[in-house]
Amino acid sequence: MHTFLLLASVFLASIVEGVEALTIVLAMGTTRGWRSTWYGVGAALVVLAIFVGVLGPALTLIPINVLRLVVGGLLLTFGLQWLRKAILRASGFKPLHDEAAIFDKAAAASRKVKHTEKKAMVDDWYAFTIAFKGVLLEGLEVAFIVVTFGANQGSIPLAVVAAVAAILVVVAIGVRVHQPLSQVPENTLKFVVGIMLTSFGIFWGSEGAGVHWPGSDAALFGVIALIAVTAFSQVTWLRRQHDRLTNTKARTT
Amino acid sequence: MNYLKRFGSFWYHFVVGDDWRIAGGVVIGLTLVAFLTHSVQIQVWWLLPVMVVIMLSLSLWHATRRR
Chain H
0 MHTFLLLASV FLASIVEGVE ALTIVLAMGT TRGWRSTWYG VGAALVVLAI FVGVLGPALT
60 LIPINVLRLV VGGLLLTFGL QWLRKAILRA SGFKPLHDEA AIFDKAAAAS RKVKHTEKKA
120 MVDDWYAFTI AFKGVLLEGL EVAFIVVTFG ANQGSIPLAV VAAVAAILVV VAIGVRVHQP
180 LSQVPENTLK FVVGIMLTSF GIFWGSEGAG VHWPGSDAAL FGVIALIAVT AFSQVTWLRR
240 QHDRLTNTKA RTT
Chain A
0 MNYLKRFGSF WYHFVVGDDW RIAGGVVIGL TLVAFLTHSV QIQVWWLLPV MVVIMLSLSL
60 WHATRRR
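Protein sequences, first through last, are from chains H and A. With the first letter of the first sequence counted as 1, position 11 gets the number 10 in numbering that gives the first Met the number 0; the numbers rise by one all the way through. With the first letter of the second sequence counted as 1, position 4 gets the number 3 in numbering that gives the first Met the number 0; the numbers rise by one all the way through.
It should be emphasised that the hints constitute simulated quantities derived from the structure, not laboratory data. One or more of the hints may lead you astray.
Claimed, not checked - When the alpha-carbon atoms are kept at most 16 Å apart in a straight line, the in silico EDC-like pairs for lysine to aspartate or glutamate are as follows: (1) H/Lys-93 to H/Asp-242; (2) H/Lys-84 to A/Asp-18; (3) H/Lys-93 to A/Asp-17; (4) H/Lys-84 to A/Asp-17; (5) H/Lys-84 to H/Asp-97; (6) H/Lys-93 to A/Asp-18.
Unchecked claim - To give an idea of the interface, some chain A residues facing chain H are shown, with a C-beta separation under 7 Å as derived from the structure: (7) Ile-21; (8) Ala-22; (9) Val-32; (10) Thr-36; (11) His-37; (12) Ser-58.
Even for Gly, the Cβ is constructed at its ideal location relative to N, Cα and C.
Whenever a hint applies, use it, and build me the whole structure from the sequences.
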């Protein structure tokens, strides 16, 4: 069951980051041409593969309790960041991620750059670097989740398969529709992944610190339930607060 | 120097994110759990989940209070 949850978390996280990277890649490809954009994507994927290939096996050499303490702490910090952002977006305190607007902004910025600098085998250095940076930055979060989840559960290849499957799904849809995937409920996915990362972080971090969970592995479900209930309650409470603030502002103006 | 600064800033934002209190709370929480489990030898499996609920609530309160 843990393995299923792990794969689902990696898959959903990869979908979210894949959609964000696709927006940047599409903006570059459609405005400046695909050749240099694809080179940028390819170069970033190579760097990410090296990151996972080197860090993954290295992590498995660390004693399991130390690994769980460190990785649990990092996952917890990471998960709380995702969850916090998703709660603020769901309650209206932060604008939702708008892929169409991001696409328009990136496309407009790229049209302003008139010159096409040629370097080595890359015809358009601007398209290459923007695509490279976009895929690398979005992919780094996925790579981090793949490596930490995989190393802790002793199944890095499975985590890689889940991530690659998600990226292939995003790319296949992206190639078909040829526009940013604005319909993907990114914040909902981010919310779910935030709950999973936070829960795994609490579970592994505590185990690494020496805790024995009552009910052993089954305790993870209790942790997930606690974090999910907390997150939903926060959204409800903050949404009410946001509505009250909006009404007050509307009355005073 | 500028490159190093930007490199450091990237990793800070990547790991710590928007609210440093959360990262600080995680470090304090894990240290406390490890101390109580190994030195005082009491089982505190409930401590980190409780701390996370409090930290998340405080961080959200902090992010929304001035709006």
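Check your understanding: Which hints, by number, does the structure contradict?
Key -> Of the numbered hints given earlier, the structure breaks none, since each of them holds.
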